[in-house]
Amino acid sequence: MDIGIIHYIFAALVVLSVLGILVTRNLLYAAFLLVLTFLGVAGLFVLAQADFVAVTQLMIYIGGVLILLVFGIMLTNRVAGQPILTQLNRTVLGVLFSVALFASIVYLTQGFQTTEIVAAPHAIQRLGMAILTDYFILFEIVGVLLLVALVGAATIARFKGEGHG
Amino acid sequence: MGNSIYILLSAFVFSAGVALVLTRQNVIAVLIGVELVFNSANINFVYFNALYPERLDGQFFALVVITIAAAETALALAIILKLYRTYHTTNLDEISSLVEE
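Heads up: the sequence lines are chains V and C, in that order. Using this note's numbering, read the first sequence as starting at 1 and increasing by one per residue. Using this note's numbering, read the second sequence as starting at 1 and increasing by one per residue.
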């Protein structure tokens, strides 16, 4: 079977789930459709020779970010037995603006010379070496940023009365 | 041969994220839109890296974007919980003041 058709299967998965997120007003449906979007994008990452990024996407987005989002939805809606809906406003203007944005990006990128994706041998080993040599400073800075952000999040979200926050 | 499927998909996901941010009133729906925008940037990073397989900048920056998206989500949800405790709503149009009224 031609490998190219798998690209289109994953791309169709992403497009359909994103359209679903755009159409639905139910927040939980949107969160679960986001799982499908992230899965499709991870599949495309594998096809673009980025195995490690795909696995990281699965672990952090689906394992972490989505769980956080579902927790946020559950914790901020007290009504039981009813679907959790979001209200819309500026619908026509927003949709028109984003359609124009899509059309202009597609138009402006028409001239790109794209080549075939070729296999990259030993990509994960090379990425590991590069992270600990070429990109080491950036790697450390991102680690410190993540630590500070998580400590800040815990400080902000803590209940009143347990401290001075 | 026009655009690659990756560029088209990235443009589509980006526009959908912007549409979500513009049209939704719930804070968490806006956050979902921001996640889509992050993902479209990542698609571009990984695709253009795949065109130059001897370099790894694109893949590394995709990892950085994923990390920063995780930190941003954690902070945003902490702020949303605090807002919900103060205002008892997550509707953006009703949250317009920084201090308790």
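Calculated from the structure, these hints are not laboratory results. This structure is a prediction, so every number in the text was calculated from the model and none was measured. Positions of the beta carbon are idealized from the N, C-alpha and C atoms, including for glycine. Among the hints, erroneous ones may be present.
[What the hints assert, rightly or not] Each pair of labels, with its calculated beta carbon distance range: (1) M129/V / I68/C: 16 to 24 Å; (2) G128/V / K82/C: 16 to 24 Å; (3) V106/V / I79/C: 28 to 36 Å.
The hints, checked one at a time:
1. M129/V / I68/C: 16 to 24 Å: holds (23 Å)
2. G128/V / K82/C: 16 to 24 Å: Since the Cβ atoms of G128/V and K82/C sit about 39 Å apart, the hinted range of 16 to 24 Å is violated.
3. V106/V / I79/C: 28 to 36 Å: With a Cβ separation near 35 Å, V106/V and I79/C satisfy 28 to 36 Å, so the hint holds.
When the structure is compared with the earlier hints, a violation turns up for hint 2 alone.
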